[in-house]
Amino acid sequence: MGTPVIEADNLGIRFLKTRRRNLKVRDLFLHGGRRRPGRDEFWALRGASFTISAGEAVGVIGSNGTGKSTLLKLIAGVLIPDEGTIRTHERVAPLLELSGGFTNELTGRENVAMVGSLHGVGRAEMRDLLPQIFAFAGAPVSEAINLPIRHYSTGMRVRLGFAVMAHLRHPILLVDEVLAVGDTEFREKCYATIAERLSQGRTLVLVSHNESDLRRFCDRGIYINAGSVHVDGSIDDALERYREASPAG
Amino acid sequence: MLSEVESVPHGRVVAGSRLAELWRHRGTLRLLVQRDLTVKYQLSVLGYLWTLIEPLAIAVTYWFVFSVLYGEARPADGEPYVLFLVSGLFAWMWVSGVLGDATTALTAQRRLITTVRTPRELFPIGRVVAKFFEYLAALPVLVVVAVIYRAPFGPNLLLLPVAVALEMVLLIGLALLLSALNVMLRDVERFMRLLQRVLIYALPVVYPLSKVLDAPMPAWVKTVYQLNPLVGILELHHDAWLGGSHPPARLLATAVLGSVGFLVLGWVVFRALEPAVLKEL
Chain A
1 MGTPVIEADN LGIRFLKTRR RNLKVRDLFL HGGRRRPGRD EFWALRGASF TISAGEAVGV
61 IGSNGTGKST LLKLIAGVLI PDEGTIRTHE RVAPLLELSG GFTNELTGRE NVAMVGSLHG
121 VGRAEMRDLL PQIFAFAGAP VSEAINLPIR HYSTGMRVRL GFAVMAHLRH PILLVDEVLA
181 VGDTEFREKC YATIAERLSQ GRTLVLVSHN ESDLRRFCDR GIYINAGSVH VDGSIDDALE
241 RYREASPAG
Chain B
1001 MLSEVESVPH GRVVAGSRLA ELWRHRGTLR LLVQRDLTVK YQLSVLGYLW TLIEPLAIAV
1061 TYWFVFSVLY GEARPADGEP YVLFLVSGLF AWMWVSGVLG DATTALTAQR RLITTVRTPR
1121 ELFPIGRVVA KFFEYLAALP VLVVVAVIYR APFGPNLLLL PVAVALEMVL LIGLALLLSA
1181 LNVMLRDVER FMRLLQRVLI YALPVVYPLS KVLDAPMPAW VKTVYQLNPL VGILELHHDA
1241 WLGGSHPPAR LLATAVLGSV GFLVLGWVVF RALEPAVLKE L
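Just so you know, the protein sequences line up as chains A and B, in that order. Position 223 (the first sequence) corresponds to 223 in this note's numbering; numbering is contiguous. Position 18 (the second sequence) corresponds to 1018 in this note's numbering; numbering is contiguous.
If we strip away everything but chain B, and leave its shape as in the complex, we get:
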C-alpha cells in the first residue's frame, strides 16, 4: 500500500501521478458511492421506486403541458413525443442531480475530508457516479416506453454509450469545478438550485432542437444555444432511442470538445483551489 507520502506546496505534483493515485483509491470511490446510494434508499419506504416515480411524474407533467395543451412541441417526422421526452428527461435528471448533489460534495462531507488523507477529487466524482447509477436504475422504464412506442432497437442504440460517456466526462468536470468553488463562495449552491430549474428549458428536452433552429431568432442566439455541450449530448440520447438522423458533426464536436474542456477546467480549478479549500473546510 501507499506509505511514502510527500506533501509539498501545490502545483509541483504532476497530473499523471495524481491520476495513478486516484486509480489506487478506486475502492474508496466504490465505497462512497455505495454509501450515498444506501443512505438514499434505506431511509425511504418506497426506496428504489423513487428512482422511477420522480422522472415519471415530471415526464407526465411535461407531456400534459407541452403535448396535450400545446400540441406543437411534437418532434418532426411523427416521432412519439413521450419517448422523445423520457429519453431526454432521464439524461437531464442525471445532470440536474449532479448540479444539486456534487456542488455540496465537499462542504457536506467536510468532517470526513478534514480527517482522512485520500485524494479529495473522489468526493465530487463519487456523487457523479452515484447519480449515474440512479440513471441506470431508471433505464428499464425507458426500455418499456421504447417498446410501447415501437422504437427501432437497432444500431442507433450504439449511440447511447457514447452519450453516456460524454455526459460522464462533462459532469465530472462540472462536479470538480462546482464543489471546489462552493467552498469559497457559498452562492454557488444557490445559483445551482436556480440553474437546475432553468437550464432544462435551454436544452432540447421538452421540445425538439428543430424548434429552436426554425424559431424566428437572430442567428447568433441559435449559435450560442448550440455552444452548450449538453445540447449535442441530449441529441445523442434522443437519437439512440428514436433512431433517425444523427446530430450534425458540428454539434458532436461541440459536445466532445466542451466535455473534455470542462473536465480539464474543472480539474485545474480543483487542484488550484485545493490548499485553500482544505483551510476553509
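Chain A with its partners taken away, still in its complex shape:
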C-alpha cells in the first residue's frame, strides 16, 4: 500500500453523560470547559491507534453509540481529541451531514459556492464545478439553481449536499451512512461515484451498518465496541466479530 494519510495515535475523547444543565460557571473557568474526569463522563473513544494508507478503503463497524461517528468526526477535524493525536496528511471531504451547511435564505448556487469555499475550493475552480455539481444532483435540483434553499425538499438538499462533496477533489473521503438517504436511483448514483473515486486512488473511510455496502467498497475493517478498537483487519474478520457480538443482527 501507499503512504500513510491518516494516522491515529492513542486517540481518545470523552463526553459528559449529563448535558450542560449541570455545568457551573465556576467549572468553565477552573477547568477550561474540560472538566475533571469524573463519574459523569465517559470515553466515547479511547486508545485508538491505526494508520490508513493512501488508496485504502476502510469500513468502520459497530453497534449504535460505540464511537464510530465520533471517530469520523475526529478524522474530519470537527472534534478535538482529549487524548492522543490524529494526523491527516491530505485534504478531507467529509460526507457527515450533507445538507447541514446550507443557509436557508441563499439560493442553491450561492450555497454551493459557500460550502465549497469553506472546504477550500477556490473561486475559479468553483465556477468550473458548478454546472457539474448541478448536473449531478439531477432534475428537480438543477431547475432550482437560483431558488432559495428553504424552498428545497429534504431530498433535494441531500442530493445537492452529496453532489458538492462528491465533486471536491480531496483525496480522503469520509462517509457516514448518508448513503441510506435519497431514492434508489440516486443512491445507485452515489455508489457509482464512490466506486469511481476509489478507482482514482482516493482513500475512503465508511461508517455503516449495511454489510453489503461495506463488502462492496471496503477491504479493511475496523470493529469498534464500547469506544475501543477490537478488530483492525480484513472486512470479513471485522464483520464476523460484529455478528458474534450482536447475535440479534
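Because the hints were derived from the structure by calculation, they are not lab data. Heads up, none of these hints are tricks.
Here are the in silico distance ranges between beta carbons for each label pair:
hint, chain 1, residue 1, chain 2, residue 2, range
1, B, LEU1185, A, GLU125, 35 to 45 Å
2, B, TYR1041, A, ARG127, 21 to 31 Å
3, B, GLU1054, A, PRO140, 35 to 45 Å
4, A, THR3, B, LEU1046, 50 to 60 Å
5, A, GLU105, B, VAL1224, 40 to 50 Å
6, B, ALA1165, A, GLU188, 55 to 65 Å
7, A, SER246, B, VAL1045, 54 to 64 Å
8, A, SER228, B, ARG1110, 21 to 31 Å
Selected chain B positions facing chain A (Cβ under 10 Å, derived; list incomplete):
hint, residue
9, GLU1006
10, SER1007
11, HIS1025
12, THR1028
13, GLN1034
14, THR1038
15, GLN1042
16, GLN1109
17, ARG1111
18, THR1114
19, VAL1116
20, ARG1117
21, PRO1275
22, ALA1276
23, GLU1280
No residue lacks a Cβ here, since even glycine has one placed at the ideal position from N, Cα and C.
Given chain A, work out where chain B should sit, using these hints.
Here is chain B on its own, set in the frame of chain A:
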C-alpha cells in the same frame, strides 16, 4: 493549500500558528461576511435603506426626549446636539449589533461548524466585520449631518480610524468571549438582550461625558464609569466629528488597554472552551 493537519489535545498549539491559520482562511471570512450581508439585504424590500432608517429613527427619538423635552442634555460649548448624538449613536449601533449577533455566531451556525474544518474563530469575527460594514454603510448619513451642522472637517477626523480600530479590537474580543460562552450557558444570549438596552445609558451617547463628571455622585462611581473602555472609544468618535478637546490620556489608556485586554481574554477563553464547545454543538 493546507493538507497537513494534526489534531492534538488542546493547549499545545501556539498562538502564532493559529494566527497564520486564520490569515490563510481570510477568504472564508470574506464569504461569511458576504453571506450575512446578502441574507440581511436580500430579504427586505427596503434593503440598504434599513441601515439608515434604524439609527435615524432612534436618533430622532433620543433627540426628541433628551433635547426637546429635557433640554439639558446638550453638550457644552454650544456643540450641536444632533451631531453629538448621531456620531455616538452610530458607533453604539455597531456595539449593540455585535452583542446581539456575535453572541449567537456559534449556536446559530452549529450545523455548518460541525461539518467543516475551518478555524472556528472566523464565525464570531465574521459577525463583527459584517456589523462594521453596516456601520460603514451608514456613514454617509453622518457626513450629511456633519455638513449641516458645519462640523470642523479637519485633522480631528484622523481620530475616526483610531476609534474604529479600537472598537474593532474590543468587539472581536467580546464576540469570541460571548459566542463561546453562549454555547455552554444559553443565559448569555438573554443577558445580552438586556445589556443591549441598558448599556447605552452607561455610555456617553445620549448625554455628554461632562454630565457624569459634574454629577453629584461619589468619586468612585465616576471612576468605575470611566473604567469601561467603550467610554474612551465613544469620546474619540465624538471628537472626530465635533472637534474640540481630545479625551484625557487616562481615558485613552483605558480604551487601549481595555480593548487589547478583551481581545486577549476573548481569545484565551475561546481557545480553552473550543473542545467543549464542539462537543456541545
